[in-house]
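Listed in order, the protein sequences are those of chains W and D.
Mapping the first sequence onto my numbering, position 320 (from 1) lands on 320, and the numbers just tick up by one.
Mapping the second sequence onto my numbering, position 321 (from 1) lands on 321, and the numbers just tick up by one.
Bear in mind the hints are in silico, worked out from the structure with no lab data behind them.
Chain D residues, not near chain W, derived (Cβ > 10 Å throughout):
1. Tyr-23
2. Thr-56
3. Leu-77
4. Glu-231
5. Arg-332
Residues from chain W that face chain D, not an exhaustive set, calculated with beta carbons under 7 Å:
6. Ala-196
7. Leu-254
8. Val-313
Keep in mind that this is a model prediction, so the values were computed, not measured.
Idealized CB from N, CA, C, for every residue including glycine.
Chain residues, written in single-letter form:
2 protein chains.
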Amino acid sequence: MPGPARDARHAAGGVVDIHSHIYPRWYVDLLKQRTEIPRVTGDVGDERFVMFPSETRHTRSPGRPMDDSYWSIGEKLAFMDRFGIERTVLSLGNPWLDFLPGDHGLELARRANDEFAALEGETRGRILGMGVLPSGSPSDAAAIVEEIAETATLHGAVSGTRPCGVPFDDPSLEPLYDALERTGVPLLIHPHYGSALEELGGLGHAGPVAIAFPVETTIAVARLIFSGVMERHPSLRLVASHAGGTLPFLAGRLDAAWRSDPSVQQRLHRPPSDDLGRLFLDGIAYQPAALRAAAELVGADRISFGTDHPFSVADPERNLAAIDEAFSGESREAVRRRSAAELFGLAALDC
Amino acid sequence: MPGPARDARHAAGGVVDIHSHIYPRWYVDLLKQRTEIPRVTGDVGDERFVMFPSETRHTRSPGRPMDDSYWSIGEKLAFMDRFGIERTVLSLGNPWLDFLPGDHGLELARRANDEFAALEGETRGRILGMGVLPSGSPSDAAAIVEEIAETATLHGAVSGTRPCGVPFDDPSLEPLYDALERTGVPLLIHPHYGSALEELGGLGHAGPVAIAFPVETTIAVARLIFSGVMERHPSLRLVASHAGGTLPFLAGRLDAAWRSDPSVQQRLHRPPSDDLGRLFLDGIAYQPAALRAAAELVGADRISFGTDHPFSVADPERNLAAIDEAFSGESREAVRRRSAAELFGLAALDC
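Model the full structure from these sequences, guided by the hints.
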């Protein structure tokens, strides 16, 4: 039975979660066919998701348990009910289609995107799907962006930090940026590969999740900005996971380093914080101080509540408490729901 | 001629800089004997400091120019005068003694420490020396910590993230931690190696300086904390460079990852932010938002102004403006000078 705090949340209309994942069973089965990480091991009911090399060492059961919260829409709705989440913008979880053969990427992207597009109708508008990009070629990825834009029930695209196998500053990606800019499709940038993994050995999955992930996002977005992608494509709507990795904290340092190094000013003609300030962020930071730094960089109307469900690091109550402590009034309302509605074009919920 | 703002700074007593480096000429000459990075190339007057692999590619003159601000105490004092810096706690710059043969490390540490100890007298108390640790063995390092503690004009020790060639969580370092805790000598933890350097290729020195350095500090301190060093040595006084790398932003995420992973709770029995909150930080962040996040983690009385002089990324005016915007009253006074005086045991300046 909901307590008073829960009622207050519902009275305020609940929150919108923009960072939540699901793994369709057919996709889990593809990961089970793999013999190298990332992979899924074990039989149904005892499956484990192995993502980082550090999870395979010094243990007889590598990785982490994978239960039906990873693939069940019913479980997702129950989770949303439990934490007062009114709507969720749902994406395929990592590693997306990055590790699948290029010639199947397009077909698999369409299969996934059809399923994600159907969620809105199946859940009476509570779960809104994002599309996923194929891994084969930038022109394929651009084509899928166009298809996402034409699908009223797809609300953005999710991508790892190496779309089509290259970093964001690779010139071959220009067709993808053209398509994203032309269509206005928001791109959720999500870590998977992990930065500096070798330096984080022996720290279970906590070290990689806590540090390698946000650093990967930081480097990926920094490369993109330092190469002038946002300068050339000012209308891109890029959403950086986990409150921007570490970018809100390092923004001033990136500017100082840019100012001190003429060699990087040839490709980026203005301080990187100009572009950093135009990112969108989720609010997955677990603490008010980081959220405040994020808001100083981009403004509360570019930050949206997120959970990271179904991963074990998800802690929606802590994230929500941090938001309510860091923000008040219009800013709080923005981070709880309004920023997400504007970014992803969500209609008012009819129920 | 100083303007009104400058006069106001002097009226307030000036600031204390705890993060400033110098390279004695004999030490530069040792770096010039090296054929691999880190190294110094060129003839006197045209010397260049080459620190990162990315600085050697696509250029005829790798590295960055090294002028007499790197070794001249007169230049250091002129820099201090220019920016209203009353006192500087000065340390040998990276790579310290890390790359020098182990059997010379002890002798070279003593040579450096004798010179740094003499600075206080030579500059009428305006420049206070820090000691440096030898790279040979933890017992040698512990012995030098004892010598630093017995030297009234040495005010701490500086170390890279691999003292004696191992990360901070290596069990062999316990004698060093014992000595630091017993003597109360503060340890300034400074990056040099750079994390995720391969992912930052093509970004000149800006990428490594902006990201690889703070990430290196983040990982080094996280390893130390996750291994329980601060739990076992609660009186350690550790100073994390560059406002703690990214730790003030990631503190909540480290806690969330720790809570989600039983394997790391076996070595660290409390949330990592408990120990993070006991770090000391410099205030080199270039922006108020990062300083505020730092202060939420450790409190203003554990943050001290710093410059990073003579490196080109140094921007004392911006750092000071960020401090004055982020803090007021007692907190501002703490970050400008009082925290440093307390941490390093500085007497009132007699002039």
